[in-house]
Each structure stands twice: as C-alpha cells, then as structure tokens.
Amino acid sequence: MEKFEETEKLFRAVYPPSHPGMFWKKDGTLSTAAFADSKGLSVDRGFGRKDEDAITEMRRKFKGCIVSVNVKQCWEVNALVVYLPSKNNRYHSEIHGNENKTLLSKHQRFYLAQNAIVEHMEGR
Amino acid sequence: MTMAARKTYEDIVEKLHDLSETQLLAIHTIVVGLVENDDRGKVVPDSIKKLTEIEELEDNWNGNGAASFPKELTMKVRYILEHIAVEPEVFPTACNTIQLEFDRADGAHMEIEISESMDADLFSVSADNKETCESIACEVSEINKVVKEFYGEV
Numbered sequence: 001m002e003k004f005e006e007t008e009k010l011f012r013a014v015y016p017p018s019h020p021g022m023f024w025k026k027d028g029t030l031s032t033a034a035f036a037d038s039k040g041l042s043v044d045r046g047f048g049r050k051d052e053d054a055i056t057e058m059r060r061k062f063k064g065c066i067v068s069v070n071v072k073q074c075w076e077v078n079a080l081v082v083y084l085p086s087k088n089n090r091y092h093s094e095i096h097g098n099e100n101k102t103l104l105s106k107h108q109r110f111y112l113a114q115n116a117i118v119e120h121m122e123g124r
Numbered sequence: 001m002t003m004a005a006r007k008t009y010e011d012i013v014e015k016l017h018d019l020s021e022t023q024l025l026a027i028h029t030i031v032v033g034l035v036e037n038d039d040r041g042k043v044v045p046d047s048i049k050k051l052t053e054i055e056e057l058e059d060n061w062n063g064n065g066a067a068s069f070p071k072e073l074t075m076k077v078r079y080i081l082e083h084i085a086v087e088p089e090v091f092p093t094a095c096n097t098i099q100l101e102f103d104r105a106d107g108a109h110m111e112i113e114i115s116e117s118m119d120a121d122l123f124s125v126s127a128d129n130k131e132t133c134e135s136i137a138c139e140v141s142e143i144n145k146v147v148k149e150f151y152g153e154v
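Protein sequence lines, in the order shown, are assigned to chains U and R. Each residue of the first sequence is one higher than the one before, counting from 1 in the working numbering. Each residue of the second sequence is one higher than the one before, counting from 1 in the working numbering.
You may find that some hints are simply not true.
Reference excerpt, derived from the structure (chain U facing chain R, CB under 8 Å, subset only) [said to hold, decoys possible]:
(1) Met22
(2) Ser31
(3) Ala36
(4) Ser38
(5) Lys39
(6) Ser42
(7) Met58
(8) Tyr91
(9) His107
If you're looking for bench data, these hints aren't it; they were derived computationally from the structure. For each residue, glycine too, the CB sits at the ideal point set by N, CA and C.
Put together the whole structure using the sequences plus the hints.
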C-alpha cells in the first residue's frame with residue numbers, strides 16, 4: 001500500500017451534477033452533509049500529480065463540483081485515509097471515521113467542511 | 001350581486017342545463033383543481049423548494065450508490081419545515097437522512113439530522129468552538145425548542 005504524505009491533497013466530487021448547488025449554503029460555504037456517506041467518503045488522491053492534472057482527470061470521469069482537503073486535516077480529526085485503487089481508478093481512496101466505522105463523525109465532517117478548498121465549480 | 005353579474009350567472013346556469021353529465025363532471029374536476037392549486041401570491045420558502053429538489057433525487061444520486069429518499073421521510077421533513085420557528089437550510093446526506101442547518105451571525109452553527117427514526121441527531125458548535133452532540137425527539141415542539149434556544153429566544 002502506498003503511504004500518504006501529510007500534504008497530499010484528496011479530491012472529492014460533490015454530487016449530484018444535476019444540482020451543482022445542492023451542498024452549498026447561501027453564504028457560499030460547504031455543508032457538512034457533503035461529507036456524510038455511510039459507504040465511505042470516496043476521494044481521488046493527488047499521488048504526486050499537479051492539482052490541475054488531478055482535477056482534469058477527475059472531470060473526465062465525474063460530473064459535479066470538486067473540492068479538496070489534505071491528508072493532514074483528516075489525521076488532525078483522527079480520520080483514516082485508505083488507499084483503495086480500483087480497476088478503473090488507480091487514485092481512488094476513501095476517508096473513514098476510524099478503523100471500525102466508515103462514516104465520519106459530525107465533528108470530523110464539520111472540520112473537513114470548514115477546511116475544504118473549492119477546486120472546481122460546475123455551472124455556477 | 002350586480003344586475004350584470006346576475007345576468008351572467010343565469011346565462012351560465014341555463015347553458016349548464018344543456019350539458020351532458022360527462023361534460024359537467026369535467027368542468028367540476030377542472031374547477032376543483034383550480035381551487036386546490038391556487039398558489040397565486042404565495043411565496044414558497046427556499047427550504048421547501050430545496051426539499052422538493054431532494055425528493056426528486058433518484059437512486060445513486062451521489063454516484064456512490066446512495067438511495068433516493070423515502071416518501072415517509074420527506075413528508076416528515078416537509079411538515080417540520082412548515083411549522084419550524086426559523087427557516088433552516090436543507091441538505092441531503094448519503095446516509096438516507098436530511099439535514100437542517102442553522103448559522104448565527106457570530107459563527108455559531110447547529111444542524112439537525114432527520115432520519116426515519118423517532119429521534120433526530122443534534123450537533124452544534126458555539127461561537128467559541130465548543131461542540132455538543134445529542135439525540136432529541138423528532139417532533140416539531142422539540143425542534144422549535146432547540147432552534148429558539150440557539151437563537152437566544154428562550
């Protein structure tokens with residue numbers, strides 16, 4: 001398994017593409033709800049790529065907005081970053097609440113939502 | 001009723017006598033529909049509009065297998081939104097829950113996560129970053145109590 005660096009970015013496509021504003025609040029910040037997924041929070045790891053290359057590649061596969069957090073921010077709230085490459089996506093990873101729970105706690109969601117950087121905004 | 005209006009009314013009634021039962025039934029259906037759907041002048045709150053968008057989400061709306069939202073849940077949330085003391089912002093989650101969020105000008109934040117269960121999860125962060133997590137009864141009275149407390153109305 002490839003180790004993660006603290007500064008490595010994790011890119012997340014915020015669905016659904018049909019409603020690009022679904023998870024944005026009126027003040028322009030991201031809702032914590034965008035980080036709640038009982039199946040595990042899917043992300044693409046940077047893996048040494050330039051940000052723009054990672055985003056371009058994601059946009060070939062996903063529709064929707066793209067935000068990023070870094071590995072250090074996940075570790076700061078004791079979230080687990082797991083490298084789970086798939087046949088179609090060698091960058092696929094997940095952020096889990098801990099070793100036993102895929103769902104992030106509310107504290108973890110809040111922290112990550114507050115620190116998320118908007119990398120690409122679809123249709124806005 | 002004015003003379004002119006009365007004449008119009010009598011003309012319509014006379015014409016109705018010439019219509020078949022089917023035609024009368026069709027007119028009745030149209031009139032009832034117009035009365036029931038007369039939303040002219042009513043402002044639909046943003047939270048209700050957002051809930052309608054959430055209701056329309058189909059299975060796999062997040063690209064990771066999230067299910068569409070059950071009618072029982074969206075009806076419960078709609079009822080809460082129609083009776084809530086302060087309008088929240090509304091968001092879906094990929095845990096089959098719907099989240100109501102409240103933000104105060106001083107930075108304090110509160111969210112209430114509603115599922116199909118009898119309880120709702122409350123999470124709040126004060127202006128000085130103190131977090132609390134608790135379970136509350138998913139009832140309008142209980143939700144309004146915590147919302148009013150959050151905005152300092154109690």
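Give me the numbers of the hints this structure contradicts, sorted from smallest to largest. Hints 7 and 8 are the ones this structure does not satisfy, whereas the remaining hints hold.
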